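Going down the list, the protein sequences come from chains R and Y.
The opening position of the first sequence corresponds to residue 1 in my numbering, with each subsequent residue numbered one higher.
The opening position of the second sequence corresponds to residue 1 in my numbering, with each subsequent residue numbered one higher.
Simulated from the structure, these hints should not be mistaken for lab results.
Just so we're clear, the structure is a prediction, and the values are computed from it rather than from any experiment.
Not one of these hints is a red herring.
Example chain R residues on the side facing chain Y (calculated, C-beta under 7 Å, incomplete):
| no. | residue |
| --- | --- |
| 1 | Ala61 |
| 2 | Leu78 |
| 3 | Glu99 |
| 4 | Thr100 |
| 5 | Asp117 |
| 6 | Asp138 |
| 7 | Arg154 |
| 8 | Phe178 |
| 9 | Ser180 |
| 10 | Gln195 |
| 11 | Val218 |
| 12 | Ser242 |
| 13 | Gly283 |
| 14 | Ser299 |
| 15 | Ser300 |
| 16 | Ala337 |
Beta carbons are placed, not taken as given, at the ideal position from N, Cα and C, and that holds for glycine.
What follows is the residue order along each chain.
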Amino acid sequence: MTAHRRAVVTGAFVAGLQLLGLSARGQAIASTSRGVVVAHDGIVQLWNRGSVIWTSDGLPAPTRIVTSDERIAVIDPLENNVRVLSTATGRGQTMQTGETPIDAIFIGSALYLLERDARALERIGADGTRASVSTGADPAFLHMANGRLYVYSRAPGLVQEVTTSPFAERRRVHVAPFASDFAIDASHGYLVDPQAGTIATFDLASMKSSGTIDIGAVPVAMAFASTGTSLTARTIAVADPSAKKVWLVEGAQSVAQAFTRGFLRGLIGLGLFGGGASQFPTGVDRLFLRGSHWYAFDSSSGTLYRFTRSTSTVVATHATAEGIAVSADGVFVWNEAVRRLQQVD
Amino acid sequence: MKRLILLALATLPLFGQTTRIASDFEIAQMQQQLAKSHDFLSQLSGHLNLGDVRAARGERALARREYAKAYETAATDRLDARKASNMTRYATATSYAALAQAKLGSAALAWELSEEAIRYESNSAKTWNLYASTMSLLGKAAKAASASRNAVAIAERELAASPDSGNRLDLAIYQSALASALIESGRDREAEPLLVQVTSSLRSPAFDSLRRDVVRRESFEIYSSARGEASSYISLLNRSQLRLAALYEARGDVAAARRQFENVLAARSDDATALTGLARLAQSGEHFAEAFDANPFSPALIRDYRRFLATHPGESAAGDSTSARVRRVLIAANQHELRAARAALDPLQREYPDNDTLRSLRNDLDGQTTGAPPFLKAGVTAATPSGDELRSLLRLFDEDHLSAAQRSVLDTLGLTSTASFDEAGAGGPGQQTIFESGIIEGVPFRFSEPIAFRGTFAAHAPLRLTYRLLGASNDALLLEPLELEAVR
Chain R
1 MTAHRRAVVT GAFVAGLQLL GLSARGQAIA STSRGVVVAH DGIVQLWNRG
51 SVIWTSDGLP APTRIVTSDE RIAVIDPLEN NVRVLSTATG RGQTMQTGET
101 PIDAIFIGSA LYLLERDARA LERIGADGTR ASVSTGADPA FLHMANGRLY
151 VYSRAPGLVQ EVTTSPFAER RRVHVAPFAS DFAIDASHGY LVDPQAGTIA
201 TFDLASMKSS GTIDIGAVPV AMAFASTGTS LTARTIAVAD PSAKKVWLVE
251 GAQSVAQAFT RGFLRGLIGL GLFGGGASQF PTGVDRLFLR GSHWYAFDSS
301 SGTLYRFTRS TSTVVATHAT AEGIAVSADG VFVWNEAVRR LQQVD
Chain Y
1 MKRLILLALA TLPLFGQTTR IASDFEIAQM QQQLAKSHDF LSQLSGHLNL
51 GDVRAARGER ALARREYAKA YETAATDRLD ARKASNMTRY ATATSYAALA
101 QAKLGSAALA WELSEEAIRY ESNSAKTWNL YASTMSLLGK AAKAASASRN
151 AVAIAERELA ASPDSGNRLD LAIYQSALAS ALIESGRDRE AEPLLVQVTS
201 SLRSPAFDSL RRDVVRRESF EIYSSARGEA SSYISLLNRS QLRLAALYEA
251 RGDVAAARRQ FENVLAARSD DATALTGLAR LAQSGEHFAE AFDANPFSPA
301 LIRDYRRFLA THPGESAAGD STSARVRRVL IAANQHELRA ARAALDPLQR
351 EYPDNDTLRS LRNDLDGQTT GAPPFLKAGV TAATPSGDEL RSLLRLFDED
401 HLSAAQRSVL DTLGLTSTAS FDEAGAGGPG QQTIFESGII EGVPFRFSEP
451 IAFRGTFAAH APLRLTYRLL GASNDALLLE PLELEAVR
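Please model the complete structure; the sequences and the hints are all you need to start from.
Laid out in structure tokens, this is it:
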């Protein structure tokens, strides 16, 4: 038995866990206008060019950070807490939330927090005042488009459109249940259904389902690879860990037109790299796309890849999904072994 | 994949779970089964059950070892499934890895793995049920209840679409889990009708065929992790009736509670929880003796028996069984005959050297629980002990003077110290350093086996070690390392 094997056998040890891309304690990082913010070990730190700008009290098990230009929200779903901090100074306060906060968005001075097991979208005002909108069962994703919030609840496949003023549900549409990812642009919503191997879409203007397209074997995550132009359509990248590929969907027409006519069906299945060979040695299941910089992550092994239309290169190992931030300055990964933020690309 | 259900142990709020004590022979049989069956579910359920049995016997270190092996089994299958592009198997293995981590007390990791599993299988009642079991183990009853509601909703749809006994049994399993989570949340009123529904369903003609199968196979074992329909059926019926009895007893409906306990005993006459319940209801020494025959080391039973003795000073216990010998310790202690109690306890401790319940009895008799570090109290999850405190812990371990409650705190207590390691062993693949022993504040320590740490660390240099304290051996503390890093 090798020494490596011993570490894994013992199970609970961090040494072994890191080899599997897991974190024994909660941690999360995100990029801000002033640097990269990291929540770990009960503290929050802002890092810039390898130095810690400030350190503040944190939360026991942070798993997600959301940011605006001025503020940061660190979310701890296990202990039902959110800590809101000033990006400039690190000063802030910790607030109790409803059961299992999992995502949030800052709009103006308010924080909109999705509380999964409370089945609620809660608004926390700058003065601490609170209001909430009920969601469907198992609300899993929160996005904003055109000044409105969109909540997707997995069990009923329900998307609710919520206005901020008044803070209320405006419209709703039933799309695909049990999606693993939800993305939205100015005109459409996209739901990745790993069981069916499809992406279901709906039209934001009408709040009506606009069709489904077949993608790969088990699509799990998606991201917008390009915004498109007046001449070309938006390009969508879809991670398929079963096929060990990232599929790229694009069309000469607008996405809405293509989906409506089923035109894209002919393009689906080509894969980003084409051919039958796998271009990632392991299956990737998360995507981090920023401009022309594309990264894919394998949650099972903790491997982060940089990829283009023709190649993939490992840029980090032993990473965790919430320990990766892609910013204009590069790709940052929190290294739990040495407790440091590392720029890996 | 065959059915494997998990039945939470700690969900009987009134009197705690009192599983029948497993003999060394039965444990050896389980180990033999593990050695023979190498498929994923056999290995996983085997280690989980062995861990639970060890825990029920008060053997925490051995229980943790089994849970760690269960995690290793799940983690290996998780990676294998991913390599084979089998995403359903990947999600299942990830769920079980989460569960094993919850049993090991690693909340953040259990959460992370549970979330990963549900990303892939949010349409699976089984995955949500495993999620609920994991949250329940972590003490997150509201999250467990929410996850169970998802499982029940999905199972109801599946039963409506295909009303066979398998789907009916699945729904009962998830309803029972939801009832458990509700009880843990203090929502007994919502839980009771669910449990009535579950027990009624399980006793209905819909399960006639399964009951015949149970009788034909002479199946009677109750498992915390049950495999197959027959095993799941009897384990679920047992647990649901016990929970229902607990609810009835809590609201003073003695007749209804007794009926449920008797239902349990009709299927299995040596069920320790039911025997304890009947003894408590009847306030009968004879019933208590039967319960002790089933599990002489149950803390819940011992607590109930002590209460009984307080109002029944004339009790006696005849015979040479372990049950009678433990009762004689308690009877003597109740009569303040401490010398006699110790004399009765000494041979028992020699016979069961790893038993925490007997240790706890010894501590109670000696009244020597003082000298424990201040962080050794309920609710404390992290501490940085001084050298004196570590020496105090070493002494308490050596003298067996830690109470069961203090040992329970140690199960989840993460300690952090500056450690200096003895010479490193041979390096493993990549950048790794292997350590086995060292010293903290002048107190020697060691691990149960050499551990490979990722990164390069020097021996005899100060390093920041986070660890759990498992015990003491040969004048050294026995540690389980959680993390090693350079001193900041």
